[in-house]
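J.: Use these hints to put chain B onto chain A, whose structure you have.
Which chain is which? The protein sequence lines are A and B, in order.
Its first residue numbered 148, the first sequence is counted upward by one per residue in the working numbering.
Its first residue numbered 344, the second sequence is counted upward by one per residue in the working numbering.
By construction, these hints were calculated from the structure, which means they are not laboratory data.
One or more hints might be untrue.
Below are the BS3-like pairs computed for lysine-lysine, each with C-alpha atoms no more than 25 Å apart in a straight line [claimed, not checked]:
(1) 410(B) with 389(B)
(2) 269(A) with 630(B)
(3) 203(A) with 228(A)
(4) 280(A) with 592(B)
(5) 610(B) with 228(A)
(6) 368(B) with 382(B)
(7) 557(B) with 210(A)
(8) 233(A) with 434(B)
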Amino acid sequence: MNINLKKYQNEIILLISILFMLSAYIYKTGKINSFETGKIEVASSLSAVSKISSLKDLWGDKKLSTKVPKLKTIVNSSKVKSFSIKSKKLKARFINLTIVELTLLLQKISNIAVEITILDVKKNNDLYNMELKCKW
Amino acid sequence: MNFKLNNNKDLVLFHANMQRITHDKSINLLLSPQFYTIKKESLDIKYKRQALKIAPAIMDELLPHNKEHKFSVFKEDDKWVFVAFDEERVKSFAIDCGIELDLINKIYFAQQIRDKFSTPISLDDKKAIGLLNGTVTIIPKNALDKAQRYAYLDNSFTPSSGGISISGESSSLINQKSSIILSVVFVLFGFIFIFEGGQYSKEITSSQDKLSQKLKDYPSLASKYSRDSIEKKYHKIDLEQRAIRDFLKNLSSPIRGGAILSELTLKGSTQKVVLETKTDGIYQKVKQKAKSLGLKIKSIKNNTYIELENKI
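The following block holds chain A by itself, in its conformation from the complex:
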């Protein structure tokens, strides 16, 4: 062993340095690969989190609980047949609405980010009856 080491010391030095360089190259390549993979994962996670958070902020707005009861005051109370809110769910029935009142109500409902589950409008003579179910 001693004989060979001495005889080929130049080659051994060279070989060790090449091995070192190759190992470093493999290390770098590995890091690039994990960087590329990680970059895609992190970017997609970040985009998903941002998207979800903005959707959550929109459709899960905590101020909705104060905005929804105001729907009751848009039209005359005599036209509000029923209006009940239970655990973030609204059930309301409006009657004898003029087209102007109906339009105003629909606009207000559209402008608040509640999840409309049922909206049913029926014309009765020249007036309208409306049933609304929504949650948030």
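T.: Here is chain B on its own, set in the frame of chain A:
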């Protein structure tokens, strides 16, 4: 460690009259003054490296100019001892003596262990090597006392430091200089690769930190499974509710155009409206608008009513 290692190798006294030897293990050579030239100088130099730098200039006048010499320096009392030797001559003579160059571990100079030569060592019938005025010299035996006793060289004579390596270039595929240059280049590249790899590693950590920071605000989104499920839920809501609002928004145009709302049903993914169209002109306008919006159209009661439907 070095001392022990060198002591483990046989020490061979290398002199002009030595006999041919055979060996299969690594050896150290102790050069006799026949193979080197020395000069002692008192210089105000602290480090060996500095002394070695000026060795060629110090010994210039003592050496033949047609040959290349290798230099070594060591301290002897308060003086620097400069040694020059012709490596090619040593190699050539070593080969003649049966010594394999690849098996030469270190070369030492007899002057390095001058005190050991206070008792001379016999080289052959006529010559001995001994200490004369502080310098290891080849002495003719007839100049010595006939009763002179001679010492024997053994591995304990091996100096503890200051040996010189000679390269076994003869059998190498690549010479030492090239191998060192190439190795330095490869190692340099290696470090560059490691540095670059480290930079990528830092980038990964930094973007992961960014994500962790974001997830701190939304701990429920930490797992991909829950993220997917929440995203699916909100995506459905968003799609349906935006479609409902668009549908309501699009109703205003036909109503302004003279159509009368008769019935409106928004339920889940279905939006349906029935409009009363009193004239054919109104009917056609509503129909055209509905077509452009991609709504399903149904005529009721001979075009006096029109039903528009949208499904997500």
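J.: For each hint, tell me whether it holds in the structure or not.
T.: For each hint, the structure was consulted:
1. 410(B) with 389(B): 29 Å, violated
2. 269(A) with 630(B): With Cα atoms ~21 Å apart, residue 269(A) and residue 630(B) stay inside 25 Å; holds.
3. 203(A) with 228(A): The given pair, whose Cα atoms are some 32 Å apart, is violated under the 25 Å limit.
4. 280(A) with 592(B): 19 Å, holds
5. 610(B) with 228(A): Within the cut-off at roughly 21 Å; holds.
6. 368(B) with 382(B): 33 Å, violated
7. 557(B) with 210(A): Holds - the C-alpha atoms of residue 210(A) and residue 557(B) are around 23 Å apart, at most 25 Å.
8. 233(A) with 434(B): Violated - the C-alpha atoms of residue 434(B) and residue 233(A) are around 103 Å apart, more than 25 Å.
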